[in-house]
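The listed protein sequences correspond, in order, to chains A and B.
For the first sequence, the working numbering assigns the number 1 to the initial residue and increments by one for each residue that follows.
For the second sequence, the working numbering assigns the number 1 to the initial residue and increments by one for each residue that follows.
If you're looking for bench data, these hints aren't it; they were derived computationally from the structure.
Some hints could be false.
[To be verified] Take a look, some chain B residues computed to stay more than 12 Å from chain A by CB distance:
#1 P30
#2 R50
#3 R54
#4 L56
#5 E93
#6 V101
#7 D119
#8 R121
#9 R138
#10 T171
#11 G193
#12 H212
#13 T232
#14 D243
#15 P250
#16 G266
[Stated by the list, open to error] Simulated coverage check for chain A against chain B, where a stretch passes if three residues somewhere in it have a Cβ under 8 Å from a Cβ of chain B:
#17 253-262
#18 284-294
#19 313-322
[Stated by the list, open to error] Among the chain A residues that face chain B by a calculated CB cut under 8 Å, a handful are:
#20 A14
#21 A16
#22 R19
#23 V217
#24 G221
The beta carbon of each residue, even a glycine, is placed where N, CA and C say it ideally should be.
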Amino acid sequence: MTLIIDTQAAAPAAHARNRGTRRAVMALSMLGLCLVGLIALTLSCGQGCLPPAHVLTALTGADAGGADFVVNDLRLPRVLMSLVVGLCFGLGGAAFQVMLRNPLASPDIIGISAGAGAAAVFAIVVLSLEGWAVSAVAVGAGLGIATLIWGLSSGRGAAGARLILVGIGVSAMLNSVTSYLLLDAPAWDRAEAMRWLTGSVNGAQLVQVWPVVAALVVFGGLLALSARDLDLLRLGDDAARALGVRSDATRFRVTLAAVGLVAFATSAAGPVAFVAFLSGPIAARLTGGGRCILPAAGMTGAVLVLAGDYAGQFLLPARLPVGVVTGAIGAPFLLLLILRANRNGGTL
Amino acid sequence: MTMARQLRTQDLSAGYDARVILKDISLEVPAGRITAIVGGNASGKSTLLRTLARILKPKGGSVLLDGNVIHDMPSNAVARIMGLLPQSPIAPEGITVVDLVGRGRHPHHGLFSRWNAADDRAVTDALTATGIAGLAERDLDTLSGGQRQRAWIAMTLAQQTDLLLLDEPTTFLDVAHQIDVLDLLVDMNLSRGTTVVMVLHDLNLAVRYADHLIAVAQGGIHCQGTPADVLTEATVKTVFGLDCRIAIDPVSGTPTMVPIGRHKSGSVRQETQPSK
Ligand SMILES: Nc1ncnc2c1ncn2[C@@H]1O[C@H](COP(=O)(O)OP(=O)(O)OP(=O)(O)O)[C@@H](O)[C@H]1O
Ligand SMILES: [Mg+2]
Numbered sequence: 001m002t003l004i005i006d007t008q009a010a011a012p013a014a015h016a017r018n019r020g021t022r023r024a025v026m027a028l029s030m031l032g033l034c035l036v037g038l039i040a041l042t043l044s045c046g047q048g049c050l051p052p053a054h055v056l057t058a059l060t061g062a063d064a065g066g067a068d069f070v071v072n073d074l075r076l077p078r079v080l081m082s083l084v085v086g087l088c089f090g091l092g093g094a095a096f097q098v099m100l101r102n103p104l105a106s107p108d109i110i111g112i113s114a115g116a117g118a119a120a121v122f123a124i125v126v127l128s129l130e131g132w133a134v135s136a137v138a139v140g141a142g143l144g145i146a147t148l149i150w151g152l153s154s155g156r157g158a159a160g161a162r163l164i165l166v167g168i169g170v171s172a173m174l175n176s177v178t179s180y181l182l183l184d185a186p187a188w189d190r191a192e193a194m195r196w197l198t199g200s201v202n203g204a205q206l207v208q209v210w211p212v213v214a215a216l217v218v219f220g221g222l223l224a225l226s227a228r229d230l231d232l233l234r235l236g237d238d239a240a241r242a243l244g245v246r247s248d249a250t251r252f253r254v255t256l257a258a259v260g261l262v263a264f265a266t267s268a269a270g271p272v273a274f275v276a277f278l279s280g281p282i283a284a285r286l287t288g289g290g291r292c293i294l295p296a297a298g299m300t301g302a303v304l305v306l307a308g309d310y311a312g313q314f315l316l317p318a319r320l321p322v323g324v325v326t327g328a329i330g331a332p333f334l335l336l337l338i339l340r341a342n343r344n345g346g347t348l
Numbered sequence: 001m002t003m004a005r006q007l008r009t010q011d012l013s014a015g016y017d018a019r020v021i022l023k024d025i026s027l028e029v030p031a032g033r034i035t036a037i038v039g040g041n042a043s044g045k046s047t048l049l050r051t052l053a054r055i056l057k058p059k060g061g062s063v064l065l066d067g068n069v070i071h072d073m074p075s076n077a078v079a080r081i082m083g084l085l086p087q088s089p090i091a092p093e094g095i096t097v098v099d100l101v102g103r104g105r106h107p108h109h110g111l112f113s114r115w116n117a118a119d120d121r122a123v124t125d126a127l128t129a130t131g132i133a134g135l136a137e138r139d140l141d142t143l144s145g146g147q148r149q150r151a152w153i154a155m156t157l158a159q160q161t162d163l164l165l166l167d168e169p170t171t172f173l174d175v176a177h178q179i180d181v182l183d184l185l186v187d188m189n190l191s192r193g194t195t196v197v198m199v200l201h202d203l204n205l206a207v208r209y210a211d212h213l214i215a216v217a218q219g220g221i222h223c224q225g226t227p228a229d230v231l232t233e234a235t236v237k238t239v240f241g242l243d244c245r246i247a248i249d250p251v252s253g254t255p256t257m258v259p260i261g262r263h264k265s266g267s268v269r270q271e272t273q274p275s276k
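With the hints as constraints, model all of the structure from the sequences given.
Given below as structure tokens:
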């Protein structure tokens, strides 16, 4: 048989594959190091810096002479909240972007975060609910919004400009609902209102962290189980189905998981602006777009929230909630993506 | 050697939403042979192939694989028996050739099984057979259309199925590479007994390479059989609405179709359809 001529010798598949894997492992390790560094920084340096030894003794529960309160009651909940919320937003956002094959189709742009946020505010202000009940309402609303947007844009499969535009419209509507509800809640101070408008981890408490951890385990697990099938859906429905992927079931599972992650995170820290949107593309750059994009996006999300919160607290002239910082980073990136999509013929 | 698989349809109707594109099709794909599906644009060739591959749900009737209704079989089990190269698959951003070809191994893995040496061998074989081993580490979006097409074919080959369904495998390929791909399919067919079903636009290549020809037209199968039986001036006229002459291909000895257009057809044009 005559082979189609290729100048280079046959590189064994294993070799080529390992190179891709190495890059992904490098990216994940780098993100991991960043996370550890940021966590250490946030735990030890705030208004004043504590020596690492004091932080460790405080964390292990031993009396560290005053460090105990600062580390365990102030900084630790805040760090944990930033970490899990960032993971949730990163994972959920990237899941949507991969599934819909469109970086603009992240939950914070197409209105899922806004829906979860508005529902959470409604649950707190009007229904006077707390804790898990708020999260449950947020998840329900998130799923409802997802269904609504899917329906309005009759989006089967890949997301066209239509889904994005419908989502942006729905998102704007829901944001005004949130604003309206906040106006009606005079008992709240400005900081609390900011949380629901842009997202904040101010005054986070451990009890608020646990539901998000649970969501991370349940919905993150569901996403992990669907990750391989999700990856194949990127080849198009036909190719994926020919490889044995049940495309509709996969889409359903991924939507459920992503909405769950985003809604739980939103009901705890508000819709931290653009973290879901930014994490996927950054992770894709770092890993080279292979299969590791989901874990990498989760870690990127955590890095963004931790770094954004730290910058908002200590590095900027005014104290700002994390959502303002991430929003300031995300907005130019959004513009860039839209411009690029336009140049490519407007198909987004 | 692969198992001879029996793929046939029973009063199959296929289409989209409310629209029925193909009605009451009964056909049997000859096991261990090469079948070509031909027909005009929008005649329903891809629809037929996708329904055969269990991607489209039939509107009526059924597709039977080894006697089992294919839509009742688990999708993973079907994917281990039958591979499909879609007409327009999507190349995800930033994926390398070896990554793409490796995706073809999916049906051979469970939820928790790991990549193994057999997978590496299958991928290497597929890359070598399609002649793109040297491109293994390149990003798919940096390849030419023809190179990309061969990468997709390699992915389907890595799936190592007994049945191979290909929707226009030769699009984007230059003449030499078209022949290479078709030769490769014959190689697979001869050496491993793979049953091949492909949609081809080039009638003459279809006739030369296929053992069995299916002509699709007007929402059904116009005729099927050996290429020599199917390729007649009358068939070409009904299926494609094209006048032609049938000659003997000096290379393969099979019939070959020479089209007659409105221009550049010499004196033949006047004979067939005298000008008013
Ligand atoms: N996803 C779809 N939804 C609705 N109608 C479709 C869809 N895909 C194809 N059709 C319609 O079904 C008919 C047959 O299409 P099909 O793709 O099977 O044609 P084909 O013979 O493969 O054509 P070509 O040679 O151009 O590939 C066409 O009229 C087409 O418009
Ligand atoms: Mg077609």
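Query raised in the report: Against chain A, does E93 of chain B keep a CB gap of more than 12 Å to every residue?
Result: About 6 Å separates E93 of chain B from the closest Cβ of chain A, which leaves it inside 12 Å; violated.
Requested in this report: With 12 Å as the threshold, tell me whether T171 of chain B passes as away from chain A on beta-carbon distances.
Outcome: 15 Å, holds
Requested in this report: Please confirm whether V101 of chain B is truly not at the interface, meaning its C-beta sits more than 12 Å away from all C-beta atoms of chain A.
Outcome: 7 Å, violated
Requested in this report: Using 8 Å as the Cβ threshold, decide whether R19 of chain A counts as touching chain B.
Outcome: With a minimum Cβ separation of about 6 Å from chain B (threshold 8 Å), the hint on R19 of chain A holds.
Query raised in the report: Are there three or more residues in the segment 313-322 of chain A whose C-beta lies closer than 8 Å to some C-beta of chain B?
Result: This one is violated; 0 residues, fewer than the three required, reach chain B with a Cβ under 8 Å.
Requested in this report: Mind checking the CB of G221 of chain A against every CB in chain B and telling me if the closest is under 8 Å?
Outcome: Nearest chain B Cβ about 12 Å off; hint violated.
Query raised in the report: Regarding the assertion that P250 of chain B does not contact chain A, is the least Cβ-Cβ distance greater than 12 Å?
Result: The assertion about P250 of chain B holds, with a minimum of 20 Å to chain A.
**Report entry** Assertion that G193 of chain B lies farther than 12 Å from chain A (Cβ)
**Finding:** With a cut-off of 12 Å, G193 of chain B remains clear of chain A, as the shortest Cβ separation is near 16 Å.
Query raised in the report: Looking at R138 of chain B again, its CB stays over 12 Å from all of chain A?
Result: For R138 of chain B, whose nearest Cβ neighbour in chain A is about 9 Å away, the distance does not exceed 12 Å, so it is violated.
Query raised in the report: Is the nearest CB of chain A more than 12 Å from the CB of H212 of chain B?
Result: The claim stands: H212 of chain B keeps its Cβ more than 12 Å from every Cβ of chain A (closest is about 22 Å).
Query raised in the report: Is the Cβ of R121 of chain B more than 12 Å away from each Cβ in chain A?
Result: 8 Å, violated
Requested in this report: Answer holds if the nearest beta-carbon of chain B is closer than 8 Å to that of V217 of chain A; otherwise answer violated.
Outcome: It is violated, given that the least Cβ distance between V217 of chain A and chain B is near 18 Å, above 8 Å.
Against the hints set out earlier in the document, violations occur for numbers 2, 3, 4, 5, 6, 7, 8, 9, 17, 19, 23 and 24.
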